[in-house]
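Novice: If you count by mature numbering (1 follows the signal peptide of the UniProt record, and there is no 0), then the sequence shown holds residues -27 to -1, 1 to 240, one letter each, in order.
Everything labelled a hint here was simulated from the structure, so no lab data went into it.
Worth double-checking, as some hints may not be accurate.
[What the hints assert, rightly or not] Between beta-carbon pairs, the in silico distance windows are:
hint, residue 1, residue 2, range
1, P160, G224, 29 to 39 Å
2, G206, P82, 33 to 43 Å
3, K48, Q3, 15 to 25 Å
4, R133, G231, 19 to 29 Å
5, P43, A203, 32 to 42 Å
6, M190, E228, 14 to 24 Å
[To be verified] As a list, the in silico BS3-like pairs of lysine-lysine whose alpha-carbon atoms are at most 30 Å apart:
hint, residue 1, residue 2
7, K192, K98
8, K199, K98
9, K199, K107
10, K48, K107
11, K98, K48
Computed from a predicted model, the values in this text were never measured in an experiment.
Beta carbons are placed, not taken as given, at the ideal position from N, Cα and C, and that holds for glycine.
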Amino acid sequence: MKTALRCWRLCLFLLLSGLLLPLRAQTAPQVVDIPTRPGVTQRFVYLTPGQPRAAVILLAGGHGGLQIFPNGSFKWGEGNFLVRTRALFEQQGLAVAVVDAPSDRQTAPFLSGFRQTPEHVADLKAVIAWLRVKTGVPVWLVGTSRGTQSAAWAATQLPRADGGPDGLVLTSTILTDPHGRAVPAMPLERVAVPVLVVHHQQDGCALCAFSEMPRLMDKLTGTPRKELIAVSGGTSQGDPCEARAYHGYNGVEAEVVGRIAAWITAP
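All chains, please: the whole structure from these sequences, using the hints.
Specialist: Printed below as a string of structure tokens:
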């Protein structure tokens, strides 16, 4: 009895201190396929707490071809920052859609060369619409690394009134790209929804140097609210452009997801 009482008091203390989230009813992950363009479907893994506060569409980096199996597992990308933290977003009270390449891009090069096309924008617009109907809460696009090129481009092409997102989160943004259009080179002045930028100060990827961050923030002139969260800490392993380096917030995932969730659900 005394042990149970001590545990109860500890949980109460943590709740009052904001260090422990209240338990939320959660459902089992679902694999969802929705039609987007003629003859094309878009697959994603959907997770949700009982009463979500907002919804996030998570866009992985790299080639983006997660190749989601019917049981909800991934052939590729399980280690990607946004893929591996999907349950953390759900635990923060957010509905989550982890988006694959569409059905007509299920072989190499997957999303490479496709992220800034009208077809990709149409696919993401369909996912946004599905989540709005399903949840009834604001829907945010969240990209990491190459995924920021998908998220940012879609936000420049889709105003909120035309089915675009309610907000945008860019993590480990592609700031320079010798073979394509980096995010700061996009018409970001068109983005009229809140924008949160998250970047590790020690990101060692040549395409994501923290010193280039002012170019991005200065272009966000149309947003009603913007902020840069500069992350520090964690550990870096392997290729500096991969998910287990600072680029992927290795070791500080929970902190980063918590700060993202707090920002997008702020009144």
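Novice: Would you mind marking each hint as holding or not holding in the structure?
Specialist: Going through the hints against the structure:
no., hint, result
1, P160 to G224: 29 to 39 Å, "holds (35 Å)"
2, G206 to P82: 33 to 43 Å, "holds (34 Å)"
3, K48 to Q3: 15 to 25 Å, "holds (18 Å)"
4, R133 to G231: 19 to 29 Å, "holds (26 Å)"
5, P43 to A203: 32 to 42 Å, "holds (40 Å)"
6, M190 to E228: 14 to 24 Å, "holds (21 Å)"
7, K192 to K98, "holds (23 Å)"
8, K199 to K98, "holds (22 Å)"
9, K199 to K107, "holds (27 Å)"
10, K48 to K107, "holds (27 Å)"
11, K98 to K48, "holds (25 Å)"
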